[in-house]
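Input sequences plus hints: build the corresponding full structure.
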Amino acid sequence: MPSLFASYLRVYEPLTAFDRDRQVFWRKYAREGRALGPVDGPVRQRSAVLEALGAGWTRLPDLPDEAYVLQWGDSLLVCPWNLRLRVAEAALNARDGVPSVLADAFVPPVLAGQAKAVVEDWRSGAKVLEHGVPRVHEQIATWGVPLRWFVFVDLEERVIDLAAQPRTLRYRTEISKARRRAHRAVAVLRKSVGDAPITEAVEEGTRWLEEFHPRSIVELDYGGLVNLLPDDVLAGDDSPGVVAAGLSALSRGDADDASAAYEKLVERWRAVQLLERCN
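Reminder that position 259 of the sequence shown reads as 259 in the UniProt record's numbering, one-by-one numbering, no gaps.
Keep in mind that the hints were calculated from the coordinates and are not lab data. Just so it is clear, the structure is predicted and the values come from calculations on it, not from any experiment. Think of the CB as a built atom: it goes at the ideal place given N, C-alpha and C, for glycine as much as any other residue.
Each pair of labels, with its calculated beta carbon distance range:
hint	residue 1	residue 2	range
1	Glu210	Asp238	26 to 36 Å
2	Ser75	Pro99	44 to 54 Å
3	Pro99	Asp231	39 to 49 Å
SDA-like, lysine to any residue: derived pairs with alpha carbons at most 20 Å apart:
hint	residue 1	residue 2
4	Lys177	Val159
5	Lys116	Val98
6	Lys264	Asp237
7	Lys116	Val101
8	Lys177	Gln139
9	Lys191	Ala244
10	Lys177	Ala244
11	Lys191	Ala201
12	Lys116	Gly97
13	Lys177	Glu210
14	Lys191	Ser251
15	Lys177	Pro214
16	Lys28	Pro14
17	Lys191	Gly253
Dropping the structure here:
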């Protein structure tokens, strides 16, 4: 289940990316003002998952359709939540580290099998594209921002508001730009470090971006992490620029500068991750 101290990578798609029935539904959903913003949405998601997990554990429940809505120029874009996947992930997580007898009592094997199938369908990009499995429009990371996410955005695309309550920091960019950056990064990483974990992680993110409509918008949102960081740290955060500098160094064969950029990012975000252990 997502922590409130989490960051989010979202894709908002135009209505034309959905079938006719979904277009009508989302248009009405937006017109009626039912959508929550990214500040309040994670709390609603968490509540919905917790309520679903207490519903008897006989099957994965059918949950209402919810989404974030974004007006981008003249276009209405939608980022569906896909709560069914969130419940499936929570059901599997509930079994982790628990003796099998207790795990089966709490999450029966039949339900665990259903949950596993839902999660595996999501992870299989081929199934998403070929068999109509609903796309997952939002990825969640707790206690930090995965470094690979910074590949998709540019420092100039930052939208920050430290005067509002709650404060916000996010990046938004056209998916075409995010894809170009992702493909360039994969090419540099594959040439420089080969089949390293970071290369595979960026490739996975690149494949995910390819699932969506070409006029989509990508959003990297610091979410609840802004509550862990003071204003000066947020204002001075240049992580996308550091990632871009590191990739540039790799492309010209400057291993020292590339290592320095990587170490700077790891140290910066390790400090956030360690806050999870604070009492």
